[in-house]
Amino acid sequence: KAGVTQTPRYLIKTRGQQVTLSCSPISGHRSVSWYQQTPGQGLQFLFEYFSETQRNKGNFPGRFSGRQFSNSRSEMNVSTLELGDSALYLCASKGDSGQGEQYFGPGTRLTVT
Amino acid sequence: GESVGLHLPTLSVQEGDNSIINCAYSNSASDYFIWYKQESGKGPQFIIDIRSNMDKRQGQRVTVLLNKTVKHLSLQIAATQPGDSAVYFCAENLGGTYKYIFGTGTRLKVLA
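Going line by line, the protein sequences match chains S and F.
Everything in the first sequence is counted per this note's numbering, starting at 1 for the first residue and increasing by one.
Everything in the second sequence is counted per this note's numbering, starting at 1 for the first residue and increasing by one.
Extracted from the complex, chain S is given alone in its bound form (with noise of 0.2 Å):
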């Protein structure tokens, strides 16, 4: 079974930008979840969606959204790009609605300068 997919690996953008990042998740599995890892503030929750819906939100601002399509695949977006805006943004996908094991993807890596 593939893992867990996201594309690009790498972007740079500048401020200002929009970005929107990809998340495949493992086939069958309808739950996602974004994360956002940066040094200072470790992985922080952005947001979690089930069959096309979100369902939590952590707190970032309303400049972070995203959302999930009929397949499962998922896109984050990101608008008016700000330096602190770089880090490593990490997809999880989940098999089931409740509490279990996510599988993670490696990640993108966003660089705004």
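The hints are simulated quantities; they were obtained by calculation from the structure and are not laboratory data.
For glycine and all other residues, C-beta sits at the position ideal for the given N, C-alpha and C.
Hints are not guaranteed to be accurate.
[Said to hold, decoys possible] Covered stretches of chain F, going by a simulated chain S footprint (3 or more residues, C-beta under 8 Å):
no.: 1; segment: 39–48
no.: 2; segment: 99–112
[What the hints assert, rightly or not] The list that follows gives simulated cross-link-like pairs (lysine-lysine, DSS-like), each with its CA atoms no further than 30 Å apart:
no.: 3; chain 1: F; residue 1: K109; chain 2: F; residue 2: K42
no.: 4; chain 1: F; residue 1: K109; chain 2: F; residue 2: K68
no.: 5; chain 1: F; residue 1: K68; chain 2: F; residue 2: K56
no.: 6; chain 1: F; residue 1: K56; chain 2: F; residue 2: K71
no.: 7; chain 1: F; residue 1: K42; chain 2: F; residue 2: K56
no.: 8; chain 1: F; residue 1: K71; chain 2: F; residue 2: K109
no.: 9; chain 1: S; residue 1: K13; chain 2: S; residue 2: K57
no.: 10; chain 1: F; residue 1: K56; chain 2: F; residue 2: K109
no.: 11; chain 1: F; residue 1: K68; chain 2: S; residue 2: K57
no.: 12; chain 1: S; residue 1: K57; chain 2: F; residue 2: K71
no.: 13; chain 1: F; residue 1: K99; chain 2: F; residue 2: K56
no.: 14; chain 1: F; residue 1: K42; chain 2: F; residue 2: K99
no.: 15; chain 1: F; residue 1: K42; chain 2: S; residue 2: K13
no.: 16; chain 1: S; residue 1: K57; chain 2: F; residue 2: K42
no.: 17; chain 1: F; residue 1: K99; chain 2: S; residue 2: K13
no.: 18; chain 1: F; residue 1: K42; chain 2: F; residue 2: K71
no.: 19; chain 1: F; residue 1: K71; chain 2: F; residue 2: K99
no.: 20; chain 1: F; residue 1: K99; chain 2: S; residue 2: K57
Since the structure of chain S is provided, determine the placement of chain F on it from the hints.
Chain F in isolation, oriented as in the chain S frame:
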């Protein structure tokens, strides 16, 4: 590889010794906990989980202990190997919130 955390607490252990990594969680109502391992350039990888109705759970070479009274988790790794060198995170979850809160992480260095 990419640096996961520049200022993480570090535990240095001799190869073959046992390692104990500690984590304090934040929400006394959390009822599910996971330990993850993250190697440089990779996403976190599941190690072991435990539910709040248990105090201890064992896996292959790993044991997780949960102390709900003081909101503390520990991960014990037996006979630590060079391949265990990584950053270790605990994560907590409250059922129905669909949200995992991660600890700050501990870097484990295995000395040959």
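Exercise for review: Please write out, lowest number first, the hints stated earlier that are contradicted by the structure.
Suggested key: Failing hints: none at all.
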